[in-house]
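> Can you make the complete structure from the sequences, with help from the hints?
Numbering (UniProt numbering), first residue to last: 1 to 155.
Simulated from the structure, these hints should not be mistaken for laboratory data.
If you're wondering where the values come from, they're calculated on a predicted model, not measured in any experiment.
Cβ coordinates follow ideal geometry from the N, Cα and C atoms, glycine included.
A portion of the hints provided could be inaccurate.
Beta-carbon label-pair distances, calculated as ranges [claimed, not checked]:
1) 61 <-> 133: 56 to 66 Å
2) 4 <-> 59: 16 to 26 Å
3) 53 <-> 115: 39 to 49 Å
4) 125 <-> 14: 49 to 59 Å
5) 34 <-> 59: 18 to 28 Å
6) 34 <-> 116: 26 to 36 Å
7) 101 <-> 22: 46 to 56 Å
8) 26 <-> 110: 36 to 46 Å
9) 116 <-> 90: 17 to 27 Å
As a list, the in silico BS3-like pairs of lysine-lysine whose alpha-carbon atoms are at most 30 Å apart [unchecked claim]:
10) 87 <-> 59
11) 97 <-> 87
12) 121 <-> 134
13) 129 <-> 145
14) 114 <-> 126
15) 126 <-> 142
16) 126 <-> 87
17) 129 <-> 142
18) 126 <-> 145
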Amino acid sequence: MSTTYSIGDLAREFDLTTRAIRFYEDLGLLLPERSGPGGRTRVYSGRDRTRLKLTLRAKRLGLSLTEAKDIIDMYDSPRDTGAQLTKFLDVLAAHRKQVEEQMADLQANLDEIKVHQREAKALLVKAEKAAEAKAAVQAIHKTAKAPAAKAIKTA
1 MSTTYSIGDL
11 AREFDLTTRA
21 IRFYEDLGLL
31 LPERSGPGGR
41 TRVYSGRDRT
51 RLKLTLRAKR
61 LGLSLTEAKD
71 IIDMYDSPRD
81 TGAQLTKFLD
91 VLAAHRKQVE
101 EQMADLQANL
111 DEIKVHQREA
121 KALLVKAEKA
131 AEAKAAVQAI
141 HKTAKAPAAK
151 AIKTA
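Below is the structure:
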């Protein structure tokens with residue numbers, strides 16, 4: 001007898017909600033058997049467990065659920081390994097290109113942030129120097145006025 005799983009079993013094992021598993025089922029990523037009155041109870045096979053594991057792995061790689069389904073469906077198709085691997089490589093190449101473009105955009109953003117940081121630091125240094133100069137001038141004026149005020153009082 002082959003091992004079967006309930007929706008709760010898979011949810012616990014993969015740290016998912018039962019709603020997420022039902023969503024994957026709605027997309028055709030999982031195809032459980034139905035049992036019980038009115039077929040309300042889902043019974044997942046080892047194959048469904050593997051498909052769920054592959055779906056989650058594809059998500060971690062950043063693939064869309066549609067891309068994941070296309071790849072996982074190859075798992076169930078006749079074993080034309082060459083065609084399957086070619087399609088898999090095409091999907092991965094397209095995804096890699098997209099990720100590389102995102103990385104380039106992120107690098108451009110980082111470079112722009114660095115420029116703004118340098119400019120802000122330079123302005124801060126300039127402002128601090130201006131504040132120090134202003135304080136020095138005020139101190140000079142204060143000391144210059146003090147003797148003059150004393151001289152006026154004594155006269």
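> All hints are to be evaluated individually against the structure, with a verdict given for each.
Against the structure, the hints:
no.	hint	in the structure
1	61 <-> 133: 56 to 66 Å	57 Å, holds
2	4 <-> 59: 16 to 26 Å	24 Å, holds
3	53 <-> 115: 39 to 49 Å	44 Å, holds
4	125 <-> 14: 49 to 59 Å	53 Å, holds
5	34 <-> 59: 18 to 28 Å	26 Å, holds
6	34 <-> 116: 26 to 36 Å	58 Å, violated
7	101 <-> 22: 46 to 56 Å	34 Å, violated
8	26 <-> 110: 36 to 46 Å	39 Å, holds
9	116 <-> 90: 17 to 27 Å	40 Å, violated
10	87 <-> 59	18 Å, holds
11	97 <-> 87	15 Å, holds
12	121 <-> 134	20 Å, holds
13	129 <-> 145	24 Å, holds
14	114 <-> 126	18 Å, holds
15	126 <-> 142	24 Å, holds
16	126 <-> 87	59 Å, violated
17	129 <-> 142	20 Å, holds
18	126 <-> 145	28 Å, holds
Of the numbered hints stated above, those contradicted by the structure are hints 6, 7, 9 and 16, listed in ascending order.
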